[in-house]
Structure formats: structure tokens, C-alpha cells
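Colleague: Generate the whole structure from the sequences, applying the supplied hints.
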Amino acid sequence: MTLAALLYWTDLLAVAVFAISGALAAAEQKLDVLAFILFGTITGVGGGTLRDLLLQAGPVFWIADTHYLWVCIGVSLGTWYLAPPLRARVRILVWADAAGLALFSVLGTAKALGAEAPMVVAVVMGVMSASFGSLIRDTLLNRSPVLLEPEIYVTAALLGAVSYALLADVPGLDDGVVLLVAMVSAFALRAAAILFDLRLPNYRR
Numbered sequence: 000m001t002l003a004a005l006l007y008w009t010d011l012l013a014v015a016v017f018a019i020s021g022a023l024a025a026a027e028q029k030l031d032v033l034a035f036i037l038f039g040t041i042t043g044v045g046g047g048t049l050r051d052l053l054l055q056a057g058p059v060f061w062i063a064d065t066h067y068l069w070v071c072i073g074v075s076l077g078t079w080y081l082a083p084p085l086r087a088r089v090r091i092l093v094w095a096d097a098a099g100l101a102l103f104s105v106l107g108t109a110k111a112l113g114a115e116a117p118m119v120v121a122v123v124m125g126v127m128s129a130s131f132g133s134l135i136r137d138t139l140l141n142r143s144p145v146l147l148e149p150e151i152y153v154t155a156a157l158l159g160a161v162s163y164a165l166l167a168d169v170p171g172l173d174d175g176v177v178l179l180v181a182m183v184s185a186f187a188l189r190a191a192a193i194l195f196d197l198r199l200p201n202y203r204r
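At position 201 of the sequence shown (counting the first as 1) the number is 200 in numbering that gives the first Met the number 0, and the numbers step up by one without a gap.
Simulated from the structure, these hints should not be mistaken for laboratory data.
We treat Cβ as the ideally placed atom computed from N, Cα and C, and that holds for glycine.
Check the hints yourself; a few may be wrong.
[Stated by the list, open to error] Beta-carbon label-pair distances, calculated as ranges:
| no. | residue 1 | residue 2 | range |
| --- | --- | --- | --- |
| 1 | L53 | L139 | 20 to 30 Å |
| 2 | A4 | P200 | 40 to 50 Å |
| 3 | V176 | V32 | 22 to 32 Å |
| 4 | V176 | K29 | 23 to 33 Å |
| 5 | P170 | L139 | 42 to 52 Å |
| 6 | F195 | P144 | 19 to 29 Å |
| 7 | T138 | D31 | 28 to 38 Å |
Modeller: Dropping the structure here:
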């Protein structure tokens with residue numbers, strides 16, 4: 000599989016995972032089916048939209064390829080019909096968000112590097128891609144944004160973005176291995192933060 004194909008299918012997966020988290024957030028608020036679709040779509044494509052607008056590297060991805068929208072709609076409808084009880088919903092939401100964070104931090108970085116952005120810009124694009132969709136979701140639902148919670152969140156996205164940016168320059172490394180290592184590193188850090196309440200020190204002065 001070519002790098003372009005690998006990135007495309009992984010991108011669809013990332014959109015689907017984040018769309019699940021958006022739809023589950025709508026379920027917590029007991030909203031209607033159209034709200035499920037709205038929040039699933041906003042969360043699924045929000046970060047990538049900001050990335051593409053800032054990079055100015057062509058049309059926004061879901062406008063150029065409507066498969067992304069259909070994935071968001073399908074996943075949101077599936078969540079509407081299959082959403083588990085409240086306690087399980089909360090757990091799934093947290094882990095779906097963690098998976099989306101890991102996927103999008105790396106994919107955003109990869110797309111920026113493909114657009115010939117400098118490495119530091121690519122890393123910023125990766126972090127923004129990973130966090131902006133959940134920021135919109137939480138703000139519209141009047142929830143405290145997850146990226147402002149004390150647990151490590153943005154740092155995990157930063158780890159994934161930096162890992163990919165550095166490993167992508169190593170000659171001889173398989174593209175799939177680079178993607179996997181970067182995504183796993185971001186997910187592992189976020190998972191550790193969830194399980195063990197890891198957090199960075201707060202400003203105290």
C-alpha cells in the first residue's frame with residue numbers, strides 16, 4: 000500500500016473515531032438524532048478543516064471527498080441506535096477521544112509535511128488537528144473542554160506529532176511503521192494519563 004493510500008484510510012478511521020466521540024457527547028445531553036449527526040460531523044472533521052484552511056494546500060478535505068461526511072453521518076446514526084448505557088458511554092467517549100487524538104496528531108503532521116510546511120509548522124498543525132474538533136464539541140455543549148482538564152492531553156498530541164516529524168526523516172524506515180509508532184506513542188501517553196491521572200505541574204506563583 001502506498002503512503003497516500005495508507006494516510007487516506009487512516010484518515011477515514013480517525014474521522015470515524017472522533018465522530019463517535021461527538022455523537023456520544025450528544026448522547027450524554029440526550030439530544031435528538033440531528034444533533035447526533037451535527038456533533039459527530041463537527042467533531043470528526045473540525046480539526047482537519049482548521050488544518051486545511053491554515054495550510055491553504057487545496058480544498059478542505061471533506062469538500063473534495065464527501066466520503067468523510069458520509070462516514071460521520073453513518074457513524075453518528077449508528078451511535079444513535081447502538082449507544083450503550085450512560086456509564087459505558089462515558090468510558091467509550093474518553094477512549095474514542097484518546098484514539099482520535101492519537102490518529103489526528105500524526106495525520107495532521109503528515110499532511111502538513113506533505114504540503115512542504117516546515118517541521119515546526121507541521122507539528123503545530125498536528126496538535127491543532129488533534130484538539131480542535133473536541134474543543135468545538137465541548138464548547139457547543141457547554142462542557143469544560145477536555146484539553147483544559149488537568150490530565151495530559153495536548154502533550155500526548157505533541158508527542159505523536161513530534162515523533163512522526165522526526166521519524167519521517169529517518170531513511171529506510173517503512174512509512175507504515177513510522178505512522179504506527181507515532182500513533183501508539185501518542186495513544187499510550189494519553190491512556191496512561193487517563194488510567195493513572197498523569198498531569199503536568201500547574202503554575203503556582
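Colleague: Now tell me if each hint is right for this structure.
Modeller: A quick look at each hint next to the structure:
| no. | hint | verdict |
| --- | --- | --- |
| 1 | L53 <-> L139: 20 to 30 Å | holds (21 Å) |
| 2 | A4 <-> P200: 40 to 50 Å | holds (42 Å) |
| 3 | V176 <-> V32: 22 to 32 Å | violated (41 Å) |
| 4 | V176 <-> K29: 23 to 33 Å | violated (43 Å) |
| 5 | P170 <-> L139: 42 to 52 Å | holds (45 Å) |
| 6 | F195 <-> P144: 19 to 29 Å | holds (22 Å) |
| 7 | T138 <-> D31: 28 to 38 Å | violated (20 Å) |
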